[in-house]
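K.L.:
This is what each chain is made of:
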Amino acid sequence: MNYHSKKLLKLNLAPWRMATVGGLLLAGLAVVTARAFYLQGLNTDYLQGKGDAVANRNLTLPAQRGQVTDRHGQLLAISTPVESLWARPGELKWTAAQQAQLAKVLGMPVSELSKKMARKTRGEFSVRRPVTPEQAVGIAAMGVPGLHLRREFRRYYPAGEVAAHVVGFTNVDDLGQEGVERAYQDWLAGREGQRQILRDRRGNTIRDLVPIKTAQLGGNLALSLDLNIQYLAHRELAAAIAKNKAKGGSVVVLDAKTGEILALANQPIFNPNNRRNYKPGPMRNRAVIDTFEPGSTIKPFVAAAVLERGLYHPESVIETPETWRVGAKLVRDVHPHPQMTVSEIIQKSSNVGAVKLAMSLTPQQYWEVLHRSGFGELPGSGFPGETAGRLRDASTWKPVEHATMAYGYGLSVSLLQLSRAYMAFANDGEVMPLSFLKREPQEIAGVRVFSPSVAREVRAMMESVTQEGGTGMRTRVPGYRVAGKTGTAHKLIDGRYAPDRYLSSFVGMAPASNPRLIIGVVIDEPSGGVYYGGSVAGPVFAQVMAASLRQLALPPDAPETATLMTQNALRAGGGA
Amino acid sequence: MSRLNVVLALLLMVCALALIQSQHRSRTYFVELERLKKQARVLDEQWGQLQLEQSTWANPARVDTLARTRLGLIAPPNDRVRIETLTAAP
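Protein chains in written order, with this note's numbering: chain R, 1 to 576; chain Y, 1 to 90.
In case anyone wonders, no lab produced these hints; they're calculated from the structure.
It should be emphasised that the depicted structure is a prediction, and the values quoted were computed from it without experimental measurement.
A couple of the hints might just be wrong.
Sample of chain R residues facing chain Y (criterion: CB under 7 Å; computed from the structure) [unchecked claim]:
hint	residue
1	81
2	207
3	210
4	220
Not everything, but these chain R residues come out facing chain Y in the computed CB check (under 7 Å) [what the hints assert, rightly or not]:
hint	residue
5	75
6	78
7	158
8	204
9	205
10	228
11	397
12	512
13	556
The beta-carbon is built from N, C-alpha and C at its ideal position, and this holds for glycine as well.
Next comes chain Y alone, as it looks inside the complex (with noise of 0.2 Å):
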């Protein structure tokens, strides 16, 4: 009777300890997760930030005046167009 109380005590230990360890792993992992949903936050915002920068670079008018001044570009007059229409292989 006596020895079992023992036994059970010592197991009574084991899972104390057992629920410490798990409890302080479990606040680790939560503060873990938490700095890589801030980080995940962050680099969200710089997705949009670096969206909104491209777009502003590929902006339709930027393109066309820059084309025109900068690199002298012009649309193809007509008699140099000449269409292919693609005909299916037998």
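The shape of chain R in the complex, shown without the other chains (with noise of 0.2 Å):
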């Protein structure tokens, strides 16, 4: 059908007023077209802005520092979200009473705070950082512009000074600055992540516009550290140095087997936990970082060397006049005897017997004894600042430092690194490498320093040092076999040696007919009177292994009659 032809349905319109409705229509279209043209060609980006940042949150996924532990989980070092405020001082608007209510809340008087708030500073800056959470809820209920609560890790340390100087410490940013925490920063701090988000008008997320960049969270760390161990030896060490009257000292505990380190106390001490009193001196990893001259405790070490070259037996005799001279130096012992016994020089420490094993070498065999020990090198443990010590190239030694050096003078060490060097007596012959860490015995292969004949020849001397008639009858625990060296010191101050500062050290091991643990312990000035080795260093190695040995719960390996006599001659010694 068509309907054009139908007469009746002709619409009789006049052209003009089509043309007006179409161009009407028209005009409207081009009017939107414009606009939208206007808005999304043009002005495309900037509203874009706009509605995303209504819309679209950048969120950035905070990175928790890891934990550090000792070697059963004890928890040593934790981070936890804490909230701090900040202020923008453009947006802040406040009253009078809303400010007394703050200084309140904080607990500070009105006019610091406002002195405090008058800071003239673009952007923001922290008021109060951490606050309590009790203060958290005040200052949000307040609802001040311009003021606000930000939420950030806090790094605790729950053992506190007991194995501050091991552990080290973070600052405000969550930055490690001393000890382990400054050694494995990278691997204790993570790696923030981001994720950008869709929110609706209540602010609920609605999904994610991009695949979100998951937070890499820090990794946690086991120390070798033992809490327990290392409680006792801050304990004796704070009670000896208390009781020397003593500027300061170090105790190390190694395990002999696996070169782990145990337990290492300084004093004197800090608390990681409370960061406004800042005082370098007290925070020294003293054990690690500063060296002394070793006194006798190298003597072993000299030992050893004549052994190994067949050049004496242990029961070799020697003459050992009171002194003996060295070019201008005369060279003394306290305890003189006329004869004695390689074994008896290192029982009864004679500086005069040991002069004249080490003068049976050439500078140059002694050195490669000491280098091969670890004299002079890094103790490789790993941790910040750790010391090499001092040992001078044999081709610059005078006759008198090849003398002094068979004593203990003219090198120097740090307790770790003679401690380690230590290893070499207990462990057969092979020295294991030192570690911070906990690690399993298998993944570890030492090194051999000595011989296991002459290793166990030197233990055996060693061990004659803690009997009757040696310089360290204060060194015996009951039940166990111990082996050690004493070692007492001049201090080296401004270049000469004062008359009277010593530094009383003692180094041993138990149980020695198959050593598992090595305690060091330096004494700096005791000034209480008795400045031997064996009396001052002494009592606190007996004290701090008597109390180790029966934590690992080892056998004892003394007879029993020695036992019993051991303990005869202690209660009937007391104090001597």
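Please dock the two separately framed chains into a single complex, following the hints provided.
P.N.:
Structure (structure tokens):
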């Protein structure tokens, strides 16, 4: 059917009306198109940005710093979220009443607060870092524009000063400053993640706009420390420092079989949870960073050197006059005996004897033994600031130095280094690499320093040190055989040896039949009347060793009668 | 031909409704997921704080002092200690 042909349906309109309506419609369309083009084409970036600002959020996913624990999982350092108060001075709008209230919540005088807030900074600054949870609630309730709370992680050290020197600490920005916190910063820190989300009007997250970049949490770290032994070492050291009125001191406990550092304590101490009073002195890990002249504790290495070359046997007899001249230097014995065996030289710590033994070697030969034992080399524990000590090249030694080197003057060592070197005697000649981290026994390969027979012979000599007639009788541990060596060295002050300032030391091991633990003790400037290594450092050794052996449940190796005798001797000896 | 169109149109309608439904469900699940994640974070933080608290209570220094003072404990003297050696059963 053709409608157009029907006359009745034919509209009879004036053409201008058609044109007007059509034109208006077209004009409307043109306006809409132009507007759309203006919004979509020209202004799109600006508008998109505005829209995104309302609905999209860029979130930073915080990466929690890893925990540090001891070898049994006891917590040494942990990060936990806290609130801190920040201010944007530009946006700050508040009344005097609110100011007073905030001061009350923070527990500070109003004047101090307003002085703090008067700071002319662009951007923002922290007012209190951190605030307590109760304070946070109070501040949030006030709702002052320009003041806001920010969530941050704060590091806590539950063991406090007991393990402070090893664990170290972080600064307010969570960067490791000292100790393990610094050494393993990268591992502990983790990496922040990023997330872009779409939010609805009520602030609910609707969906992720881009794939989430997950935060990489900081790795946890299990240290080689045993917190129980660490505490014992800390306690006994603190007691000895107080008793001997000493300036400082250190204790190192090593696992002779694995090279792990089971405890490392220093005095003076600091509290890592309190960052207000920053004093660098007490924060120093003396056992690793400071050096001292080892004194007589070097003598077992002299003995090992001469035994190794077959120059002497443990029972070879040596003439030991009271004094012995080397160049211009007169070497003197405190308790002279006309003749001694090599064993007795170690047992009674004879300087003359040690010098005569060392002089039977060339400087090069003696240097080589010391060098092999790790002196003058970094001990390799990975601790920040670890020292290599000082061992000069043999070609520069004068005869006098060759002689003094035999009783531990003219070279310097750290306590950690010295204890590590004693591992050679404890472990039948093999030194295990040191570690502050817990490790499995099978991962370790040792370095051979002495032959097993030499190591055992020297160990037997060191065992006589703790027996009747030795310098270390106060280092005995009931029930166990103990081997070790005492040391008493004059301190070098302004290039001269002070006649009345000493460093008393003892390094020993137990059970002597198959040593499991090595403990090194050094006490700096004891001024309580006694200063011999055996009397000052020795008892610390004995206490820590006895408690550690019990802690590790190691079977006693002393024959029953000997144990009884030792106990009786201890009782009879009392304070000897 | 026209019947096929009708069927297709109905099918399209069903698909569209299903899409709306699944979109909605995905949003609901997402919100739920977010909520649980937040809960996990809160629990994690609580766990950390509890660990902190536990290690503060169990601090050897504190245990030592308490054992000595409040409980009056002492380390056993050596003559009160007997060492038992286990012998392997035949």
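K.L.:
Confirm or reject each hint.
P.N.:
Hints and how they fare:
{"no.": "1", "hint": "81", "in the structure": "6 Å, holds"}
{"no.": "2", "hint": "207", "in the structure": "6 Å, holds"}
{"no.": "3", "hint": "210", "in the structure": "15 Å, violated"}
{"no.": "4", "hint": "220", "in the structure": "12 Å, violated"}
{"no.": "5", "hint": "75", "in the structure": "4 Å, holds"}
{"no.": "6", "hint": "78", "in the structure": "6 Å, holds"}
{"no.": "7", "hint": "158", "in the structure": "4 Å, holds"}
{"no.": "8", "hint": "204", "in the structure": "6 Å, holds"}
{"no.": "9", "hint": "205", "in the structure": "5 Å, holds"}
{"no.": "10", "hint": "228", "in the structure": "6 Å, holds"}
{"no.": "11", "hint": "397", "in the structure": "47 Å, violated"}
{"no.": "12", "hint": "512", "in the structure": "17 Å, violated"}
{"no.": "13", "hint": "556", "in the structure": "6 Å, holds"}
Of the hints listed earlier, those the structure fails to meet are numbers 3, 4, 11 and 12, in rising order.
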